[in-house]
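Chains as they are written, first to last, in my numbering: chain B, 1 to 226; chain H, 1001 to 1587; chain R, 2001 to 2091.
Some hints could be false.
Computed beta-carbon distance windows for the label pairs [claimed, not checked]:
hint : chain 1 : residue 1 : chain 2 : residue 2 : range
1    : B       : 8         : H       : 1043      : 28 to 34 Å
2    : B       : 55        : H       : 1454      : 55 to 61 Å
3    : R       : 2027      : B       : 172       : 28 to 34 Å
4    : B       : 187       : H       : 1517      : 40 to 46 Å
5    : B       : 187       : H       : 1043      : 34 to 40 Å
6    : B       : 55        : H       : 1472      : 32 to 38 Å
Because the hints were derived from the structure by calculation, they are not lab data.
Treat the numbers as computed from the prediction; the structure is a model and nothing was measured.
Virtual Cβ for every residue (Gly too), placed ideally from N, Cα, C.
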Amino acid sequence: MSHAAADNLMLPSRSFERGVDAYDIKLGMWVFLASEVMFFGALIGTYIILRFSVDQPWAQPGVILNVPLTAFNTFLLICSSVSMVKAFAAVADGDQKNLKFWLFMTMLGGAMFVGVQVFEYIKLLGHGFTPSGYREGSQLAEHALADPLKYGAATGGLYGSTFFTMTGFHGFHVTCGVVSMTYLFFTKALPGKYSQQDYRGIEAVGLYWHFVDLVWIILFTIVYLV
Amino acid sequence: MTSVAAHAPAHGVHHGPTSFWRKYIFSTDHKIIGIQFLFVSLFFLLVGGLLAMQIRWQLGFPGKPMPGGGILPESMTAGGVILPEYYITLVTMHGTFMVFFAIMPLLVGVYANFLIPLKVGAHDMAFPRINMASFWLALTAGLIMFAGFFVPEGAARAGWTMYAPLSARPDLSGSNIGQKLWCLSIIFLGLSSILGSLNYITTVINNRAPGMTWFRMPLSVWALFITAILGLLALPVLSGAAIMLLFDQTLGTHFFDPAAGGQALLWQHLFWFFGHPEVYILILPAMGMVSDIIANGSRKPIFGYHSMVFAIVGIAFLGWMVWGHHMFMSGMNPMLGSTFMVSTMLIAVPSAIKVFNWMGTMWRGNIRFHVPMLNAIGFVGMFAIGGLSGVFMAATPVDMFIHDTYFIVAHLHYVLFGGSLFALFGAITYWYPKMFGKVMNERWGKIHFWLTMVFYNLVFFPMHIIGMGGQMRRLYDPTIYTFLKPQQPMNEFISICAFILFAVQIIFALNFLLNLKWGKKAPQNPWEDNGLEWTLPNPAPHGNWERPPNVYRGPYEFASPQVPEDYLPQTRKLPTDREPAAAGTGH
Amino acid sequence: MEAATHKHPNYVLIWLYLAVLTVVEVGVAFISHFSKSTLIVLLLFFALWKALLVALYFMHLKFERWNLRTIALIPIPLALILIIIVLQEGL
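Isolated chain B (complex conformation):
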């Protein structure tokens, strides 16, 4: 692979026929994200289908789930998306210091998002909201018996099933993103291995991160607010 020093790896390879004007890793990430759209599409589609086909009422928004806390969490994730793109812009301009700073902020934001979600899960499970529905004998089950309309007693099982599956897999994806970013931060960003000629990993992980944010924007709306 005898090439001139400092080849700009951000440009597509000119040894080959013209593809999509994007280097391999970027194209690969987009292709992967297309498959993720189908995956979340199946999970979210299932939720939409089950919720709108069922006769009995669903629990009202905000009754079981903590909307204000999650609204803050949503804002946090959006902020981490902004810090991600700022890290990307920094390295594109050759600014190593800001790359490290903004990448670190993104990791922090992502980790905090997961932390808040875990906290939320623990509270919910404690109150009796489980993947199989309202746990018998729990506080939630009692409330549901007292006010079946507000708590969607008849559809509690479906609510639990869809809520935990969708947000659980989203949280898993966020975690994978944070882990990847941490790996890249310590093995490549910190030692200064990214440059204006090669910051492919940053762009790729950035695309993934924005996608995860995008999915959450949809999830937050249809799971917490509707």
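Got chain B sorted already, so can you dock chains H and R onto it with the hints?
Same frame as chain B, now just chains H and R:
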């Protein structure tokens, strides 16, 4: 003959001396990975075949002790007689192994991996380490699935289609851990497939050699590329469904539980939304490779290359909108039944275009009946029969009678065995020299083809008849029904022919295995073909080419007036050819 | 934000849009005099607007070549077909 420098073994990826483990076991070389898939998939093909033999024993000789049945545990056989619980496991796992661990990896795992970089002129796949991960995930998935046989209550039992709520309820199906292992295995396989597709798509889009424009790619590559897109977008839905099923089984969720507001039909919709593109995944690569082989065997360009490409794209596109034809009898909304009937009938058109184009290719060709050509022609005939029976099923009113009968079993085996498997026999023989540097024996290849063709038709054609006569799928003992008793001699006949058919495959197995060591050394281009892979030595070196070769023409320039030979390789430069635009620049 | 290959969009402005849209969304969700269907339409509208902002500007789709945009867009109609068809079961 070639102008490409192909002698230097290592391209710039300078490895030091590589250990056996890094070279053959944990390899990132697409050719080695393809061969790994080949050996593992052939093993699972054998497993699927052995399961089929047991099914045929029970159907041909119900209630009689199976020879060798004594070695199976009490949970499966009683005194050598196959128990109903084991029979339904057999049927489930035969389908599962054949679809997911034999045909799919043989067509995609082997040939997408092996052929794509070679045929487009790349050094390797775009992401070699992800490629390696894809293989190991697939193998893990296969072992998890296989483990199902060794757990209490045995492997999964709800049919390869795993319909809920039967599959979600161990109290109904009788299998607990086995069902969960099925879901887990499929989740791993889904990930393996998605990672593979990622590689194939990126490599075809971005790593084509200079001059290898889209419409100069061989049809095998087009088919594998479109198949990769199908896999990329369909497997995640299956994974999602399998996750939901696993959660229903383990976490007490209610996705498919009607009592809690879930929908049993939801599973069917999700499964078949994946399942229909899946069957095109199981046939398109075969069609692509058959196109290459038929053009080569006819010494003529493929008839209607562009329409062949558009037919592949058309089949893939329409394939997303026909899944409900698997559900005509499910009780779904009748309006959907009509919608799916129309879309299904439409999809016959591009398939028919392909069949006519293969015939057009052979017409007035200078045909060489080598073993791959025989198998390819066999493919065309058998696929046509399978496709024709499909037209019956597409009509909802007809399907009301033949759904879940042996008519369907006949159809699916005509396209999967008569189609895909014959194409595989041809492809394995065709690219064997490239993979192993040896040739398979021509005479035994022909004997294998003819015997397989005869006995295969004797096994599966009568299934159309017994299916019309009312024999249902997954049936343990047809003789308990008075109306099926008259057909029992046909079942016996089918079973005996099936045993012979299985035995005949020993010829192929020996031809394949023995020639690995003792076969004749292969010339560089034994089939006198135009593809880029034949410009490399056998077996091809790591990294393929030093620099991507320049491509001057399409892949099917047979009988070209420009040269005295009856073939004209893609990379051969004639005085009248210009260099491609992207030639030899950059990194 | 200087240009290396092309001028960066104003990320802070986009962030502001997203923040405002989120606040509006949550606000709208708690206004009780919207009917359920109107509410759903409004909320989906805001969610899609936010999603588009992220996709077009943060993921740079606005500035990419048409064929990369196609790759990103292809799964969406497929997912919609699945959902719409299966929704017919409940009707």
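We went through each hint and held it up to the structure:
Against the hinted window of 28 to 34 Å, the Cβ-Cβ separation of residue 8(B) and residue 1043(H) comes to about 46 Å, which falls outside the hint. Range check, residue 55(B) to residue 1454(H): Cβ separation about 58 Å, and the 55 to 61 Å hint holds. Roughly 30 Å separates the CB atoms of residue 2027(R) and residue 172(B), a value that falls within the hinted 28 to 34 Å. Judged by the Cβ atoms, the range 40 to 46 Å given for residue 187(B) and residue 1517(H) holds: they are separated by roughly 44 Å.
A hinted range of 34 to 40 Å holds for the C-beta pair residue 187(B) and residue 1043(H), which are about 38 Å apart. Taking the beta carbon of each, residue 55(B) and residue 1472(H) are about 34 Å apart, inside 32 to 38 Å as hinted.
Checked against the numbered hints given earlier, the structure breaks only hint 1 and satisfies all the rest.
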